[in-house]
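Peer 1: Below are the chains, spelled out letter by letter.
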Amino acid sequence: MSKKVKGLKKGRWTLRTDLQDFIYQNINPYEGDASFLSGPTKRTLALWNKVEKLYALERKRGGVLDIDTETAGGIISHGAGYIDKKNELITGLQTDKPLKRAVKPIGGVRLVQKACDAYGYKLSPKLVEVYTKFRKSHNDAVFSVYSEEMKKIRSLGIITGLPDSYARGRIIGDYRRLALYGLNYLIKEKEKDFKKIDDNMSTMSIRLREEVKDQLQALKDMIVLGKTYGFDLTRPAKNAKEAIQWTYLAYLAAAKESDGAAMSIGPISVFFDVYLERDIKAGILTEEKAQELVDDFTIKLRLIRQLRAPEYDLLFAGDPVWVTIVLGGMTSDGRTKVTKTDFRFLNTLKNLGPAPEPNLTILYSPRLPIGFKKFAVEMSINTSSIQYENDDLMRPIAGDDYGISCCVSLLKAGSQIQYFGARCNLAKALLLALNEGREETSGELVIPDVPKLRGEYLDAEQVRENFNYVVSWLAKQYVKTMNVIHWVHDKYYYEAAQMALLDTNLDRLMAFGIAGFSVVVDSLCAIRYAKVKPIRDKNGITKDFEIKGDFPCFGNDDERADNRARDLVISFITELRKTPIYRRANPTLSILTITSNVLYGKVTGATPDGRKAGEPFAPGANPMFGREKNGVLASLDSVSKLPYYAAQDGISNTFSIVPSALGVDKETQKANLIKILDGYFTRGGHHINVNVLDKVLLKDAMVHPEKYPQLTIRVSGYAVHFTKLSRDHQEEIIKRTFHEAL
Amino acid sequence: MKKSAQIHSIETLGTRDGPGLRCVFFLSGCNFKCKFCQNRDTWSSKGSEKITLHAIYDRLLRLLPYLQKDGGGITVSGGEPSLQSDFVIELFKMAHGMKLTTALDTNGTCKPKFIKKLLAETDTVLLDVKASTLKLHKELTGGDLETVLNFGREAASGWVKRGTPKLVIRRVLLPGINDLKLEMDKLSEYALSLAKLPEIELIPYHRLGVHKWKEMKKKYPLPKLNPPTTRDWEKAAERLRAKGLVVYKG
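Protein chains in written order, with this note's numbering: chain A, -12 to 729; chain B, 2 to 251.
Treat the hints as calculated values from the structure; they're not laboratory data.
Treat the hints loosely; a few may be bogus.
Here are the computed lysine-lysine pairs in the DSS-like style, where the Cα-Cα straight-line distance is at most 25 Å [stated by the list, open to error]: (1) B/Lys139 <-> B/Lys34; (2) B/Lys70 <-> A/Lys628; (3) A/Lys361 <-> B/Lys70; (4) A/Lys518 <-> A/Lys616; (5) B/Lys213 <-> A/Lys535; (6) B/Lys4 <-> A/Lys616.
Keep in mind it's a predicted model, so treat the numbers as computed, not measured.
I would like the entire structure built from these sequences, with the hints used as guidance.
Peer 2: Set out below in structure tokens:
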């Protein structure tokens, strides 16, 4: 590998793959304000204009512009594609045309067929034949292994959103490696790694040998992908433009190969900045050109698409891909990681207008430079397109070089992956506890031997015993189900391109999740502090609940409720730890629903907190709508008390406020939002989405979507175009706590 | 020493009632009966909750990271908080101990024996002067104007050890009622007569509190009054500014 790149400081990174060291040696921390930034160039605007026209066409065609039904997607499945070849600075598309979606039948051929049918296309009969006769798909394989219990808890929506019919995603290749080291070096290193794998030919060593060979093939395919676009990726990038281009092509290889639920891109901003600043210093780049490169790269990321079946949209509304980019943060030696390029990425929201992708995530610390904080909150107030996560909580766990996967999940860059595990609907679990282990909508027996509750009113002690029993039973099934899915996924739908850009011996997490969090906390409080009488049908299944008296609710900084919330998180992860996990992965837990809180609510019967059957849950770790009586800070404080050490996959909080409640004028609003973020993160809050929007505007957008093509709003860990959401989701968002204090 | 109070509600994100972010405590019970009241449900303290200093301490302790910056702190409003002055004094002392600032949103009804102690612990006085002529004040609020004005004089008088509190005179602007020339003249005359010049906050009247009257099955006394237009507001503000007063919108 070439170690003599001019203007780069050497270090351990020159001796071995070590991106953190590269950044340590070469970072240019920036503590100033946003005044240096450049607006969009004519070229950028013209290119973006072309994309906007394609967007409009995509909307007109029901959400999908075009599908290539003939070719199964892969790293080198398609030739070069361009928006406007002459005017693009960074090139590469997933197929031969922008927004044209590839099919990935290896995940599940029937699902791809369904998705094609839904948009008026027909999947090529040849592909159908290959993936039914000759090649088992991930989906088929999982279902051939599932036990009866697993099928039942899955189809009844108790454990739900599982990546058994779509690709698991959530893995972040370290795409920077391609730019820093070039493919020749990476191939050599992987070959060395292969030789070091124990040749005892145990099941695991056989598997790893096969996987590394797949990775090597993927790296070789990347050379071809580079050539398709006229680049020699075998060598390291020489300048900023190449660094961005190389990194993008590495990401593109992954996005072409896999249609993972979330395809995040990791900590690339600080990396790009090293090259951009070096080139600016050397006089071969101006600020305007630097911004142009970032804008062009962002346009590319805004074009990433995957083909999804309609069922998938019900779970994850708005066609997301979660190209999550992290900005900001501090290093453990006290420097800031904020660079001018972090500003440049935020500036794309101005230059190109707001958008859900890439998913801009600020690693927040109260110690961040004030200039950056001010610019970030200004962008939040103007675009509602940014989320914030607590760098001070995550840095001690992950070190200084980490990314965010999907919405809120921490992953060390380059050395760690997670096995995505969707979530368990704990509200349904509570109802199983009240109904002798029978599911509340079907009456079907799921868990045997749950004792019948005695007495006219629910007794807190009895309910707790039953609930603990149910949670323990479910946790075990949940882990086992996850073991099946990821064993099969590794075998049938291995993400070779991403894994090729990661360490061979990985640190693995298995990410479990909770849905219906605040519903359960409030229900337990109602049972304990008020009198709750279940109304049962003729089979003895609860249909509704009569509640007499007041009870504390989550979201009011009331320790009675908040202590129960803490207990719930800790007890669930404790149960999950009891069952052995595939490939010795460490279990983590999220309180995150994305937009699925609407669907989960729909399939869940009435709950003892007074929520009626079918009503949506609150998203993520949010308190339930309308139950927060003490204003914003009390609500934030309840959420920030949840123990991150027990839920390291992330605790998502979505915060929507009308501008006037933040302060009289823009300046006060900015200052107050900074105070809120400083306070929330000092208190140990993990994640927060910030929406600063008027309800009136959203209502108008429901009626006149054409007027708001770019209206973006943050929902539980990611952002979406408001007008792309279903009516149910739109109403839920408007209903969701809008803090309107006077 | 009073260690508990009758409370109506807590708003943890106050951005309008003093500097920084403020936790606002709405105490129950009021001696005025303002026709345009936006918190009709705070008039009576019957059935209201009791809150202890201890419980407030726990809550504030958790919120310190939000409240301590840029002079943030707590505001006591209501109802009429000065009816529970003995408690408010203790609460403010506690807040100062926590490095929080204190603000009092009041109509000035404070027993004379508490006035000095209360002002000694108050950093900002938000004094509601709902009208500046005796008759109109009586008609709008049922209360005595002189008590209000006297409290303002005490607050501005400069004897307070911790430094004279900042005084803000608040006026909810009811178009055609208390925003006329005579009213504005009297208001500026009063403001200029004080030992320390107060700021004036003109709050446009709004109807967001009307539903509370309905919920309580009470007739809203100003069924047809509309909020002031921007021009109405500017006109009133200009009358005060012309006299050299600092005026802002609430």
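Peer 1: Decide, hint by hint, whether the structure agrees.
Peer 2: Comparing the hints with the structure gives:
1. B/Lys139 <-> B/Lys34: holds, 10 Å
2. B/Lys70 <-> A/Lys628: holds, 21 Å
3. A/Lys361 <-> B/Lys70: holds, 16 Å
4. A/Lys518 <-> A/Lys616: Within the cut-off at roughly 21 Å; holds.
5. B/Lys213 <-> A/Lys535: Measuring from Cα to Cα gives roughly 24 Å; hence the hint holds.
6. B/Lys4 <-> A/Lys616: holds, 23 Å
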